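**Q** Starting from the known structure of chain A, arrange chains B and C on it as the hints suggest.
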Amino acid sequence: MKQSTPFTLVGLLAAVLLGSSPGAEAADVIKFGVSTPLSGPAAPWGIPHKGATELIFDEINSQGGLEVGGKKYKLEVVAYDHKYVIAEGAATVNRLIAKDSVKFISILGGTVVKAVEETVNESRVLNLPLAYADGLVSPRNPYTFHSFPSPPETVTFWNWIKQHHPNIKRVASITPNDDTGWWSLKVETKYVATLGYEVVAREFFERVVTDFNPLLLRVLAQKPDIISVLAAPAGSVGLIIKQARVLGYKGRFIHIGQMDTSVVAGIAGKENVEGTWVHGYVQTPLPEKVKNWQARYTKKHGEWNATSIDFANPAFAFVAAVKKAQSLDPKRIAEALSTVEFENLWGKAHFGGKDYYGIGNQIIYPMPFSEVKDGVAHLVAQLSPPHN
Amino acid sequence: MTAALLVQSAVIGLSIGSIYILMALGLTLMFGMMHIINFAHGAVYMLGAFAIYYVYFQWGAPYFAAFVLAMLLLGAFGYLVERSIYRPIKGGVEPTLVALLALTTLLQAAGYPVFGTLDKHVPPVFSGTRNVLGVMISVERLMIIPIAGALVVGLYLFINKTRMGAAMRAIEQDKEAAALQGVNVNVINGLAFAVGFALAAAAGALMAPIFKLDPMMGEQPLLKAFIIIILGGLGSIPGAILGGLILGLIDSIVATALGAEPAFLLSFVFIILLLLWRPTGLFGHAL
Amino acid sequence: MPSNARAATVFVAVVALLIALPFVGGDYYIYLFALVFINVILAASLRPSLTCGQLNIGHSAFMCIGAYTSALLAKNLGVPFEVSLLCGALLAAVVGLAIGYPSLRLRGVYFAMVTVAFVEAIRLIASIWVPLTRGNAGLSVPKPSLLGMSLATRTSQYYLALVLMLIVLVILYKLERSRLGLVWKSIGMAENLAQSLGVDIANHKLLAFTLGCFFAGVAGAFYAHFIRFLFPPEFGFLLATNILVYNFVGGRGHFAGPVVGAVFLSLLSEPFRGSPYETIFFSIVMLLTILFLPGGLITLPGKLAGLRRWRPTSGTYAPPASA
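Keeping their order, the protein sequence lines are chains A, B and C.
By our numbering, the letter at position 350 of the first sequence is numbered 350, and the numbering carries on one by one without gaps.
By our numbering, the letter at position 184 of the second sequence is numbered 184, and the numbering carries on one by one without gaps.
By our numbering, the letter at position 94 of the third sequence is numbered 94, and the numbering carries on one by one without gaps.
In isolation and in its complexed conformation, chain A is listed as follows (with noise of 0.2 angstroms):
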């Protein structure tokens, strides 16, 4: 027996050899890789991230494909797994740039999304990423052009808020304990200080944190008007303001990020939720192009996930890129990234931001927020951001 183990090894390694060689591949493909969370806590915007993707590249393909110097494509998603776990979206993002030779991506996530920065710039592939992450839409990466709008973007919230809502004036913030939480604070925190708001209280959280009563009573001590939760899953956000109404807040709650506001309202109870203000995720009323949108989401996937209408960027983007470049080079559609105007489902899209990150990589468009009544997020207000 003993001398059988190291066969098992050389079997298991040879196994795995004979599957190496790479498959023929076909010329006529566009393999568009997708690195996700599709199991585990964070699958919510994972499969809507992966859903929306093949949508639009489906739709495409059923007219034929997409024209790329007089060739027809077909569009292919290649998706993988990362489980939001840095090790697993490292190992993902190298299967997809050199087993499946991929080179065009979409990286859900802040710290996976960082963790392979230098990954993603060595192999001069193109990343459509969907993150919240200080650093990650800037010069030293050019093949970037992050595809969701990120705090500096939203924050443009508070103008309307200022001008709607006169009557509040002390902000407290809780933000989850990580890159993305300390980005999307130190962001909004500044803002709304240069409006004229006071920031009473900053806290932090462990994602895996369902007790906030301590940390609620440190922050109601300071009698906000308003909490803001930016960057806080919708699990945890339904469950400080559960906690924070029992407590005797009175006040509001904003969220300026993507938020599953049923997932909130059911956990806090309707009533608790009420007039609660939040980026994206929009239920009604629903513009004309967002419905047919819904139709068509829900035709494919069974399931509605309003979390797909804002995830469908990367892809809208890659196949307007790709149009005006009429190349498969992704330095070439790098370039008609910069440039190219396409639509989006809220509107007309371009990638911007020069002024504020010093490359024009961010996805710029008429933002959508919406206020919470009756455990339902009703539009409010389409909003341009602060920088173009």
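The hints are simulated quantities; they were obtained by calculation from the structure and are not laboratory data.
Please note: incorrect hints may appear among the correct ones.
With a Cα cut of at most 20 angstroms, we get these calculated SDA-like pairs of lysine to any residue [what the hints assert, rightly or not]:
#1 K71(A) to D28(A)
#2 K99(A) to V24(C)
#3 K90(B) to L288(C)
#4 K74(A) to P139(A)
#5 K99(A) to G295(C)
#6 K354(A) to K223(A)
#7 K289(A) to V380(A)
#8 K90(B) to H204(C)
#9 K223(A) to K90(B)
#10 K31(A) to Q294(A)
#11 K250(A) to V139(B)
#12 K90(B) to G108(C)
#13 K324(A) to F342(A)
#14 K270(A) to P124(B)
#15 K324(A) to I30(A)
#16 K223(A) to A257(B)
#17 K31(A) to D27(C)
#18 K103(A) to E335(A)
#19 K75(C) to M189(C)
#20 K270(A) to K90(B)
#21 K300(A) to G116(B)
#22 K270(A) to H378(A)
#23 K348(A) to L328(A)
#24 K223(A) to L247(A)
#25 K90(B) to G295(C)
#26 K31(A) to P139(A)
#27 K90(B) to F292(C)
#28 K270(A) to F57(B)
#29 K90(B) to T155(C)
#30 K300(A) to A65(B)
#31 K31(A) to S101(A)
Computed from a predicted model, the values in this text were never measured in an experiment.
**A** Then chains B and C, alone, in the frame of chain A:
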């Protein structure tokens, strides 16, 4: 930190502590009987919560009926786990531990496709709030104390006043001697699994309306329960109660003063130091 | 053929295959196998401690210490990789000694729980000590270098990992085959008996534990410069239990057990990358192995051979015994 804030956080701490105790009870019972740490306790807690989600919220059964059903179902599951995992391994502590870890991973991973990926909720069973020493506490949280108390008393009566309880105590003291006296060790071990799992399910069923539901929801309570039973001494029920209250207070007061992470770190450092000082915890007996 | 010679032949064949891999396999397999090598070091580093009968669930903490020490020395002070790796491993060993010494009097599950508590404590320190570690923002780490040359390519990093793994495995194998290894085994099998024979239990256990911490630190240091991004939540309970599971699934009866376990489980998820059912499959395999192969995967060929030769005709058949 003002005196008022200190009192408030202490009250919150006791309410958190009573939740922890509930989680630690079944864990410490199973350790006392079989000297195994039930790593699957958190996963069973999760299943108990989802049982309430379906039976009470989705299918509309009365809450207490759903609660009892959750305990029975997962008690039966515990018996099954004893039969199919613990018994074939023949009581090896380490392989059992790894098998229970594998079971946990399986239940959690299967939870996403089965229950869905979005966080779930169960509407509150008790509504309203009460002012306790200057801090508002929801009635649903206050109700944990009598229910946890009832479970502790029930467990005490079961162990001390029934034949099966006597057999369990006999095994806890000396397995071979108990077997010679005609105690069917296999059946009683199965029973210990059933009771332990049912208690985890009760904790989950009680927490479901208070917190949120997701397949990973048992991880944090499990880590907390580990700390508590080490603090109190493995196998000791009074130890678990004292440990739960101590940890609840640490978690709340330190977290209010310094933040949640330092509180968590402190609890781990505290038990490392405690174990080095008293290798069997506050109430534990030597192995 | 004597089993030792045969094992040596196979070992040489495997190493030759691994050396050849960069010429045969694609870039991705180089990357994947470097990760597998890290897991092999981690799994093997736990073995001395397990052999002594310690239920150790603490190795992600020592990996974490090795990783952060090496990363910070290289990043902030420009210390060359070979030095920073050694410092990381040494610090892991020193901390291991400090925690291992007072834990010696703890038995069984209490020991296991202290190691679990230690994993959580180290993870939390890494996440709270923001000025040093950047906490949960994550720490980016420079590439490894050797003798002043930066190992920029995946291939060079792969060979570095291979060499590290081989060195660690050879050292651990020699130790296990020495008198020291026998003492460890005797402590693990019958601690009281060993004690009555005059074996210094405490010091031997402590040595096994500390050595394991050192090699976990080596794995951590290489991991830091290979993945190049450290994030405290990843060094938690889950990773610690994975390292334990490698040993159990591979088999504890043989030196190659943890190696087989780590290789098998690390590669198992590969075909399922795109599937949300990856973890489900993984845990079912884990459970089945524990239930039906109590000796681990390493006993599988023996069992299969046993099935095939159940008729007592073959003289070469020896019943599988835990070596």
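**Q** Hint numbers the structure violates, sorted upward?
**A** 4, 5, 6, 8, 9, 10, 19, 20, 23, 26, 29 and 30
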